[in-house]
Amino acid sequence: MPYLGSEDVVKEVKKALCNPHIQADRLRYRNVIQRVIRYMTQGLDVSGVFMEMVKASATVDIVQKKLVYLYMCTYAPLKPDLALLAINTLCKDCSDPNPMVRGLALRSMCSLRMPGVQEYIQQPILNGLRDKASYVRRVAVLGCAKMHNLHGDSEVDGALVNELYSLLRDQDPIVVVNCLRSLEEILKQEGGVVINKPIAHHLLNRMSKLDQWGQAEVLNFLLRYQPRSEEELFDILNLLDSFLKSSSPGVVMGATKLFLILAKKFPHVQTDVLVRVKGPLLAACSSESRELCFVALCHVRQILHSLPGHFSSHYKKFFCSYSEPHYIKLQKVEVLCELVNDENVQQVLEELRGYCTDVSADFAQAAIFAIGGIARTYTDQCVQILTELLGLRQEHITTVVVQTFRDLVWLCPQCTEAVCQALPGCEENIQDSEGKQALIWLLGVHGERIPNAPYVLEDFVENVKSETFPAVKMELLTALLRLFLSRPAECQDVLGRLLYYCIEEEKDMAVRDRGLFYYRLLLVGIDEVKRILCSPKSDPTLGLLEDPAERPVNCWASDFNTLVPVYGKAHWATISKCQGAERCGPELPKTSSFAASGPLIPEENKERVQELPDSGALTLVPNRQLTADYFEKTWLSLKVAHQQVLPWRGEFHPDTLQMALQVVNIQTIAMSRAGSQPWKAYLSAQDDTGCLFLTELLLEPENSEMQISVKQNEARTETLNSFISVLETVIGTIEEIKS
Amino acid sequence: MIGGLFIYNHKGEVLISRVYRDDIGRNAVDAFRVNVIHARQQVRSPVTNIARTSFFHVKRSNIWLAAVTKQNVNAAMVFEFLYKMCDVMAAYFGKISEENIKNNFVLIYELLDEILDFGYPQNSETGALKTFITQQGIKSQHQTKEEQSQITSQVTGQIGWRREGIKYRRNELFLDVLESVNLLMSPQGQVLSAHVSGRVVMKSYLSGMPECKFGMNDKIVIEKQGKGIADETSKSGKQSIAIDDCTFHQCVRLSKFDSERSISFIPPDGEFELMRYRTTKDIILPFRVIPLVREVGRTKLEVKVVIKSNFKPSLLAQKIEVRIPTPLNTSGVQVICMKGKAKYKASENAIVWKIKRMAGMKESQISAEIELLPTNDKKKWARPPISMNFEVPFAPSGLKVRYLKVFEPKLNYSDHDVIKWVRYIGRSGIYETRC
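From first to last, the protein sequence lines are chains A and L.
Counting along the first sequence from 1, when you hit position 52 you're at 52 in full-length UniProt numbering, and nothing is skipped either side.
Counting along the second sequence from 1, when you hit position 111 you're at 111 in full-length UniProt numbering, and nothing is skipped either side.
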């Protein structure tokens, strides 16, 4: 960051540092050095005074030494030749009688990030490892990791690793933990430090002597250890029991994760553990430290995914207080939404209703969406509340309520009547694109039940010239055409005007094309229009598929107490994926499993998948909504046309598969929960000639192979073969992403 | 592991920047300033990801502290570390403010050097750190032999939190029970949620390696000790309390607590937090707030608020402040209160009513007439809750310290030579009544 006048500053400081009068006066000398550090902090490049600073390091004043070393560590990579001059002083300090000086010098020397320093630091580090003061040993142990980092990819020094392994028995707890950290970095290529039985037991015995940072770290390392027998497993769990009640939330979470992972074959133990950490977690959720509270809430949400009723009796703890920061309120609303049950639904809804009129529009909207979420189970009460909210005639409220309605009628058709009654009058209070689209969609699809629907749409058509969002215009076109089918007399004139506008005057290509398309479609005949536009008006099954099905604890246990619950799985998947691309060897974090577990399909794969249908002679038609009943009937009436077994190994993520299938227009009709054995899914697809493909996927309990059975309503082998090749490619791609 | 630590002032100027790992560059400092400190909207999350780098940030008064990392770390641990760092800094130079940080920046760099190495937390106990860091900076060669051996013994000692050979002429200890009572009450006077989060803070100035034993009126212990004593306590009116959950300083032997529920420990020297607890049952709510809001026409509001103190008449509550929110379109306010001073603060949209002292079992009342500007804004006034601040000289959870015994077998002082001080302070946390 080049600051103005940086050169002048350097010149001035240099002069001061060289001034013998200042050098003679210890306090003044130190003040000048402080100034250098201050400039450095501000981002000024003061590497120009490196020479003078090296000279200043030869002092008996420890504070001055520390400052100079800090300076040297920052600029050594820029001035490697000059930094070598400092090595001499540092080496001398490494044999100082004062352990503090020894430690400081060794630490600074290891932090000099410049090529060629290794040969100088090797001996001091080895001496440091055997130093009698543990302070120096702590520094030396981490020094090993720093040295290895400097080397880059060079091979591992076996003798050093052995020495570090033996230091795991050191008396000083911090040395022990540092050893683990250091070994982990040095042995990263080989999978990190090895935790065998003696080491694990040694660490377990030392646990209580460690400070909280050490405890958290060791708990993390113990995740790697697999007890030989059930007996040993439970011994370990007993030993670690007290850490579930530690004063440090970090340790509590670490211990919880360890319990969950170790007891992965004992679901009742896992549930028991989650019950026992309920107290500490709730305490963290209501603590004054807001950031910790936030983290705890994220984890509570994680737990709720598997145990929906877990916190239900404590729902009042998640009521928002007025002065809490925004991010906590939003998390709490999410939590409330998930722990609703028959007993507390009344109170929770009452509370959420209060939030809907909050001054912060964001928060109010989040609360409305939450009510919308609850409405999937408790439809009547929620729709009533939402309808009342429309009465406030607030722009930011109305738009979100209408969007919620749109999603709701799709999933819960039984509330259509109530929604249709609430809609008239809303249009005055909606200004944004999302809200308008939702309203127009509703008017189009359910227009026959809303008396004034054509006139509202007419208003929109009237103002279409000043409409800024193309998406709204597209929605308007579709909606009006749909309404035209059910109420032709009222819409014909308006539709004509809209089509004319879209084709003749509209500048946005997408809107124009859509207009032309509908125009030509109308020329073909009204029956054709009906066939294409009148898709089903709701699909309750979608809700079941879309909802994250109750997931077993094991599928998130490995993510517990990491950043995954904080960022959300999808976000984390993108972060770690990008990181993977720029990762350079040793910096590789242990996250390889995340890229696969996220529901996102990596971009490049998506494109590949999309190209597939064009490659064969077969074209699958999108949006063919088959009902489950119809599927079942057809399935039973047909014979298996083709059966095949594909190899399959390791973990399995139904969400990803479902999404990938959707891309190639294969609909998932039903599937079993993730993790259930055997796992089954029923798929349907239709090609442009109307030929139906019904498929069953069966994943055997051993997870070793996937059996595919396909049925076809018209026996045509060539399309069948291309369909199977599409299916194979999709499954193959999923496999690839996973590994 | 933490890649770097930055401290900014509210303008986003860097006060302290310390980088521990190669993967964090100088541009990270600027990225945080631009994306978080200078961002228009309010903070969306205390963990922000910018260019695949995670920034964990906390704010103290108007100072931002940010820990930066590229790894998948334990979020709770990083925040705890930041809190710890604030505590350590506060122990050295008091409040964390821009001025204090600027004045002590050398000291802070020294601290950062000791508590983190290569991004890994090292020793963070204030007491233990004091041996490594001296604000004045001592000359290494003039350091006495004794001091040197002290460092060695501290660093090799079995107990990380206490050094050996501590001597005091007067053995003294201070015990503070600090509680914050949180309440959310409905307008009808129904308690929506209430909890007390408390801390027992101990300041010990004891010689040698004293073994301490701490006792309180924990329900489980009292019930365990047999009926004889239980009768006695019930006669004297002392109640035992149910603790929902509690956590202890590292020095407390947890195994003993689990088996006998007794709290025994060797305390660190100086101030430390012995335990932290939370209760939700039988909370003594020191104040009741009874609001009455009446809308008179469209341009007037009448507000009457009664507060009742609910504790022994001999005790005095202090620093009482009641905050009554007013609508945004308030044009004028007339206030009448029986006690204390009340003022309408237009900038905060609230009537602030302050009372210096108030005894128990008393009642006081304020009434205000709020005149509103007529607006055509149909937005209903959201009616934020009435909040309250106070300080009372007792523990709202009902916690009582029964004893704190000190044993030091090697030195010749016994339990009753130690001067002990116990103090209870109950403060309001978030104490809100909806209206």
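If you are wondering where the hints come from, they were derived from the structure by calculation, not from laboratory data.
The beta-carbon is built from N, C-alpha and C at its ideal position, and this holds for glycine as well.
Treat each hint with caution, since some may be false.
Said to hold, decoys possible - Some residues of chain A that are not near chain L, with every Cβ distance over 12 Å (derived): (1) Arg38; (2) Leu104; (3) Cys110; (4) Asp241; (5) Tyr315; (6) Glu324; (7) Glu351; (8) Asp358; (9) Phe369.
What the hints assert, rightly or not - Using C-beta positions, here's what the derived DEER-type ranges look like: (10) A:Asn127 / L:Ser262: 45 to 51 Å; (11) A:Ala58 / L:Ser259: 53 to 59 Å; (12) L:Gly340 / A:Asn205: 56 to 62 Å; (13) A:Gln171 / L:Ile166: 18 to 24 Å.
Give me the numbers of the hints this structure contradicts, sorted from smallest to largest.
1, 2, 3, 4, 5, 6, 7, 8
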